[in-house]
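Respectively, the protein sequence lines represent chains A and B. As numbered in the numbering used here, the first sequence has no gaps in its residue numbers, which increase by one up to the final residue, 605. As numbered in the numbering used here, the second sequence has no gaps in its residue numbers, which increase by one up to the final residue, 283.
Source of the hints: derived by calculation from the structure; they are not laboratory data. Ideal placement from N, C-alpha and C gives every residue a C-beta, glycine not left out. Where hints are given, some of them may not hold.
Over the 12 angstroms line for every Cβ pair with chain A, so calculated as not near, a few chain B residues [claimed, not checked]:
#1 Arg7
#2 Gly68
#3 Asp104
#4 Ala112
#5 Thr178
#6 Ile204
#7 Arg239
Below, a list of computed lysine-lysine pairs in the BS3-like style, where the Cα atoms sit at most 30 angstroms apart [as the list claims (entries may be wrong)]:
#8 A:Lys599 with A:Lys205
#9 B:Lys195 with A:Lys155
#10 A:Lys155 with B:Lys164
#11 A:Lys363 with B:Lys113
#12 B:Lys114 with B:Lys5
#13 A:Lys65 with A:Lys442
#14 A:Lys482 with A:Lys65
#15 A:Lys328 with A:Lys205
#16 B:Lys113 with A:Lys155
#17 A:Lys77 with A:Lys567
#18 B:Lys113 with A:Lys482
#19 B:Lys144 with A:Lys363
#20 B:Lys163 with A:Lys363
#21 A:Lys442 with A:Lys363
#22 A:Lys155 with A:Lys167
#23 B:Lys113 with A:Lys442
#24 B:Lys43 with B:Lys113
#25 B:Lys144 with A:Lys352
#26 A:Lys482 with B:Lys43
#27 B:Lys114 with B:Lys194
#28 B:Lys144 with A:Lys155
#29 A:Lys599 with A:Lys77
#30 A:Lys77 with A:Lys551
#31 A:Lys155 with B:Lys69
#32 B:Lys119 with A:Lys155
#33 A:Lys328 with A:Lys155
#34 B:Lys194 with A:Lys155
#35 B:Lys43 with A:Lys205
#36 B:Lys144 with B:Lys114
#37 A:Lys155 with B:Lys163
#38 A:Lys363 with B:Lys194
#39 A:Lys352 with B:Lys163
#40 B:Lys194 with A:Lys205
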Amino acid sequence: MAGNYETHEHDVIIIGAGGAGLRAAIEASSMGLSVGLVCKSLLGKAHTVMAEGGVAAALGNVEPKDNWRVHFRDTMKGGRYLNQWRMAQLHAMEAPDRVNELEEWGALFDRTADGRILQRNFGGHKYPRLAHVGDRTGLEMIRTLQQHGIHTGMKVYMECTVTRLLKAGDAVAGAFGYWRESGRFVVFRAKSIVLATGGIGRAFKINSNSWECTGDGQALAYLAGAELMDMEFMQFHPTGMVWPPSVRGTLITEGVRGEGGTLRNKDQKRIMFDYIHPLYANETAPTEEEADRWLALSTSGQMDKNVRRTPDLLPRDIVARAIHAEVKAGRGSPHGGVFLDIATRRTAADIKRKLPAMYHQFKELGDVDITQEPMEVGPTAHYTMGGIRVDPESQQSRVRGLFAAGECAAGMHGANRLGGNSLSDLLVFGRIAGLHSARYAKEQTQLPSLDAGEIQDAAQEALAPFNRHEGPNPFQLHEELKDMMQTHVGIIRTEEDLSEGLRQLEALRERSRTIRIDGNRHYNSGWHETIDMRNLLIVSEAMARAALLRKESRGAHARDDFPETDKEHFAKVNIVSRQHGSTMEVAEIPLPPVPDEIKKVLEEE
Amino acid sequence: MAEPKARLRVFRGTEEAGDFQTYDVETYPGMVVLDAIHDIQAKQSPDLAVRWNCKAGRCGSCSAEINGKPRLLCMTRMSAFPEGEPITVTPMRAFPIIKDLVTDVSWNFEMAKKIPPLKPRPRDADGHWRMQQIDIDRIQEFRKCIECFLCQDVCHVVRDHQKKEVFSGPRFLIHLATLDMHPLDTLDRREMVKKDFGVGYCNITKCCTEVCPEHITITDNGIIPLKERVADDYYDPVRWLLRKVTGNSRANKVAAQPTEAGKTADVSGTHRVDGGHGNKGKP
Chain A
1 MAGNYETHEH DVIIIGAGGA GLRAAIEASS MGLSVGLVCK SLLGKAHTVM
51 AEGGVAAALG NVEPKDNWRV HFRDTMKGGR YLNQWRMAQL HAMEAPDRVN
101 ELEEWGALFD RTADGRILQR NFGGHKYPRL AHVGDRTGLE MIRTLQQHGI
151 HTGMKVYMEC TVTRLLKAGD AVAGAFGYWR ESGRFVVFRA KSIVLATGGI
201 GRAFKINSNS WECTGDGQAL AYLAGAELMD MEFMQFHPTG MVWPPSVRGT
251 LITEGVRGEG GTLRNKDQKR IMFDYIHPLY ANETAPTEEE ADRWLALSTS
301 GQMDKNVRRT PDLLPRDIVA RAIHAEVKAG RGSPHGGVFL DIATRRTAAD
351 IKRKLPAMYH QFKELGDVDI TQEPMEVGPT AHYTMGGIRV DPESQQSRVR
401 GLFAAGECAA GMHGANRLGG NSLSDLLVFG RIAGLHSARY AKEQTQLPSL
451 DAGEIQDAAQ EALAPFNRHE GPNPFQLHEE LKDMMQTHVG IIRTEEDLSE
501 GLRQLEALRE RSRTIRIDGN RHYNSGWHET IDMRNLLIVS EAMARAALLR
551 KESRGAHARD DFPETDKEHF AKVNIVSRQH GSTMEVAEIP LPPVPDEIKK
601 VLEEE
Chain B
1 MAEPKARLRV FRGTEEAGDF QTYDVETYPG MVVLDAIHDI QAKQSPDLAV
51 RWNCKAGRCG SCSAEINGKP RLLCMTRMSA FPEGEPITVT PMRAFPIIKD
101 LVTDVSWNFE MAKKIPPLKP RPRDADGHWR MQQIDIDRIQ EFRKCIECFL
151 CQDVCHVVRD HQKKEVFSGP RFLIHLATLD MHPLDTLDRR EMVKKDFGVG
201 YCNITKCCTE VCPEHITITD NGIIPLKERV ADDYYDPVRW LLRKVTGNSR
251 ANKVAAQPTE AGKTADVSGT HRVDGGHGNK GKP
């Protein structure tokens with residue numbers, strides 16, 4: 001059956017062409033290696049394009065006091081100290097170089113008065129730190145990487161889905177996949193592979209993610225023997241659209257609050273003053289007057305250390321739970337969110353200039369003029385802090401020759417990611433993964449040989465849905481999974497809910513094995529959906545199992561039955577999932593201890 | 001269930017053969033045409049082929065033609081059409097059909113590869129590059145492009161005359177204009193703009209500007225100034241001489257001067273493609 005497939009050979013194969021994949025490919029190509037970049041969509045359409053607010057880097061252009069130590073401290077604090085400290089350190093140190101390098105490749109960030117890269121405020125960042133282009137920073141970044149990357153010699157395989165990694169012993173040897181257009185099979189042979197496939201947002205009913213975010217890299221790595229880590233930490237972005245139903249979950253940038261927007265309940269009360277987390281009490285303004293003064297000062301480039309930050313810019317986990325609580329208490333907006341008001345805070349001209357995409361998004365899809373009226377917003381599944389466990393120095397997984405970077409890798413963000421740290425993560429760790437995968441490839445004298453049986457099995461797995469007589473519709477099954485995850489593994493969790501979720505997952509998995517596909521392999525959306533479902537079920541199970549094991553609330557993981565943060569046991573462990581036979585095993589592993597000199601950085605103020 | 005219904009006529013088939021199929025879908029508030037297509041996939045035809053990614057007008061994947069007009073499926077509200085009349089959805093006409101609503105847009109990626117990338121001047125002594133916001137406002141407008149290729153689809157030079165060998169289409173003229181007006185760039189691409197990318201084929205019908213979902217003023221702010229710069233280089237006798245002497249017209253790449261839209265007449269160096277001129281806004 002698998003007899004017919006084409007084969008492509010490269011030194012390094014990179015799966016995923018968002019920010020991390022492109023940056024990795026650029027690095028490996030520039031080292032003179034043959035690089036293949038494989039992506040499910042057309043080049044330039046990856047989810048990075050949706051990033052809005054900016055890329056975090058301690059350039060110090062707006063606030064000269066900013067430097068990597070402050071950025072590092074903010075990141076660890078935002079992650080509730082569950083981050084791999086070394087990744088957070090590398091990230092904070094290297095982000096400025098990575099942003100400056102984008103300018104060399106054509107990026108045009110908004111400018112300061114003296115012509116340097118402008119930076120804006122964002123949740124959890126002490127100083128204005130996000131380089132940005134209005135509210136379309138991700139588009140600028142991916143287009144820049146794309147326009148530079150296509151001239152570095154890499155070969156791009158578009159609309160090609162990888163369904164299995166292939167191995168030679170304990171090392172990675174290649175990848176098996178199919179062309180979405182023709183349905184024909186393709187095998188990639190490589191000395192090393194970088195996974196950069198992004199997130200898993202499509203596991204949730206209300207999400208901000210594109211169809212591609214189905215946990216492919218995490219599942220491919222898991223099935224190849226790598227470990228997943230921190231999977232219990234799913235970030236619900238506080239501000240997704242809630243109305244109309246067509247756009248429920250679509251992202252509203254944190255930049256709205258960075259530019260002065262405030263969250264209000266149905267009584268017009270500014271809600272965030274009631275939800276200041278103790279960890280942030282010292283640095284957060286307790287009154288509207290002080291919060292507004294801080295905003296005025298910080299956006300004009302002046303800082304006064306006696307004036308503290310607005311609570312509207314607390315980290316995302318805190319803001320998302322605040323909105324959830326207001327709605328639950330009956331103080332929400334008509335469609336089950338709260339109000340986000342920028343109209344009374346900035347002039348219409350300012351709003352259109354600083355937040356043009358938001359203005360158009362609401363005007364065209366929501367019939368709301370945000371220069372005149374408040375937006376209705378609510379939490380939306382946005383980003384997974386968890387993913388493939390990697391070595392902080394090289395981004396290599398437990399499988400030799402298999403690397404991961406960006407959202408599909410774990411460790412950088414701990415229990416909660418700060419806004420803006422994802423675009424910088426893509427650049428910093430995309431480059432590191434590209435560099436080390438290339439070095440690894442250079443050390444290999446020849447391409448590893450492939451196992452014909454493995455290819456045969458992969459082909460059979462992919463074709464199975466065509467050979468069944470009857471079974472559920474894959475789109476229907478996906479809807480059921482999203483409903484289940486939203487209800488049982490959502491923003492607030494309990495043991496009862498999670499256990500029920502796992503029971504339902506088991507049933508969904510059984511039914512997914514009976515999906516039947518009509519038609520042929522030629523651009524068959526139902527077939528593509530079926531293949532993606534396998535991956536979604538794996539990452540959903542890893543999330544539910546890890547969430548059940550972590551009996552505390554920390555960052556994005558909130559347990560109603562364990563509302564406190566555990567300073568003893570769970571403060572010192574990460575949870576990993578790995579394949580054991582045909583079942584998933586979850587285990588606690590110790591968090592790497594923080595060296596003394598780094599502890600000192602964390603204690604500086 | 002007394003949900004209101006809408007009827008869609010959707011092209012099903014390939015480049016070789018195809019037909020319209022009619023589907024009825026239930027509608028709900030805020031529904032866009034892409035929602036209707038997804039509903040058809042989920043409940044009626046799982047093998048219906050469509051490209052999409054973000055469903056928020058940011059990625060430019062779901063380009064198609066709705067009632068004959070190039071549009072993004074995710075940004076077109078169902079309520080924009082009269083009730084009771086079927087909505088016709090077809091693939092972009094300028095490109096070969098792969099299946100149903102999916103077209104082969106690979107020509108665009110080949111064209112992108114032909115454009116030499118930015119070659120910046122050295123950084124300032126302190127490692128920064130200083131650019132004033134006012135000097136980049138205009139090209140930031142161009143960089144809003146989401147590469148939906150609707151401008152390529154509507155452009156009659158591409159759509160009706162299939163001049164894909166000699167003309168890059170509005171999307172890449174805008175990219176060339178961005179590079180030409182980029183404050184850091186040091187590379188002269190004007191000869192290519194004329195010879196390889198065929199700027200002269202554009203005869204300013206502005207159809208591209210009309211369909212751009214990002215509201216980029218493609219023709220007035222991008223293509224016309226680009227035409228003028230190329231024309232200046234080629235037909236200004238002083239520059240012509242300079243080019244002969246230096247063998248390089250880089251010296252002529254003067255700082256961008258904003259062009260007031262509308263003031264510009266058709267310029268020399270532009271030659272028209274026969275026919276297709278009267279189809280503005282009527283693809």
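Tested hints:
no., hint, result
1, Arg7, "holds, 18 angstroms"
2, Gly68, "holds, 21 angstroms"
3, Asp104, "violated, 8 angstroms"
4, Ala112, "violated, 6 angstroms"
5, Thr178, "violated, 8 angstroms"
6, Ile204, "holds, 26 angstroms"
7, Arg239, "holds, 26 angstroms"
8, A:Lys599 with A:Lys205, "violated, 40 angstroms"
9, B:Lys195 with A:Lys155, "holds, 27 angstroms"
10, A:Lys155 with B:Lys164, "holds, 23 angstroms"
11, A:Lys363 with B:Lys113, "violated, 35 angstroms"
12, B:Lys114 with B:Lys5, "violated, 47 angstroms"
13, A:Lys65 with A:Lys442, "violated, 41 angstroms"
14, A:Lys482 with A:Lys65, "violated, 44 angstroms"
15, A:Lys328 with A:Lys205, "holds, 19 angstroms"
16, B:Lys113 with A:Lys155, "holds, 12 angstroms"
17, A:Lys77 with A:Lys567, "holds, 14 angstroms"
18, B:Lys113 with A:Lys482, "violated, 39 angstroms"
19, B:Lys144 with A:Lys363, "holds, 18 angstroms"
20, B:Lys163 with A:Lys363, "violated, 37 angstroms"
21, A:Lys442 with A:Lys363, "violated, 52 angstroms"
22, A:Lys155 with A:Lys167, "holds, 22 angstroms"
23, B:Lys113 with A:Lys442, "holds, 28 angstroms"
24, B:Lys43 with B:Lys113, "violated, 40 angstroms"
25, B:Lys144 with A:Lys352, "holds, 14 angstroms"
26, A:Lys482 with B:Lys43, "holds, 17 angstroms"
27, B:Lys114 with B:Lys194, "holds, 14 angstroms"
28, B:Lys144 with A:Lys155, "holds, 26 angstroms"
29, A:Lys599 with A:Lys77, "holds, 12 angstroms"
30, A:Lys77 with A:Lys551, "holds, 20 angstroms"
31, A:Lys155 with B:Lys69, "violated, 34 angstroms"
32, B:Lys119 with A:Lys155, "holds, 22 angstroms"
33, A:Lys328 with A:Lys155, "violated, 51 angstroms"
34, B:Lys194 with A:Lys155, "holds, 28 angstroms"
35, B:Lys43 with A:Lys205, "holds, 18 angstroms"
36, B:Lys144 with B:Lys114, "holds, 21 angstroms"
37, A:Lys155 with B:Lys163, "holds, 26 angstroms"
38, A:Lys363 with B:Lys194, "violated, 39 angstroms"
39, A:Lys352 with B:Lys163, "violated, 38 angstroms"
40, B:Lys194 with A:Lys205, "violated, 50 angstroms"
Consistency with the previously given hints fails for numbers 3, 4, 5, 8, 11, 12, 13, 14, 18, 20, 21, 24, 31, 33, 38, 39 and 40, ordered from lowest to highest.
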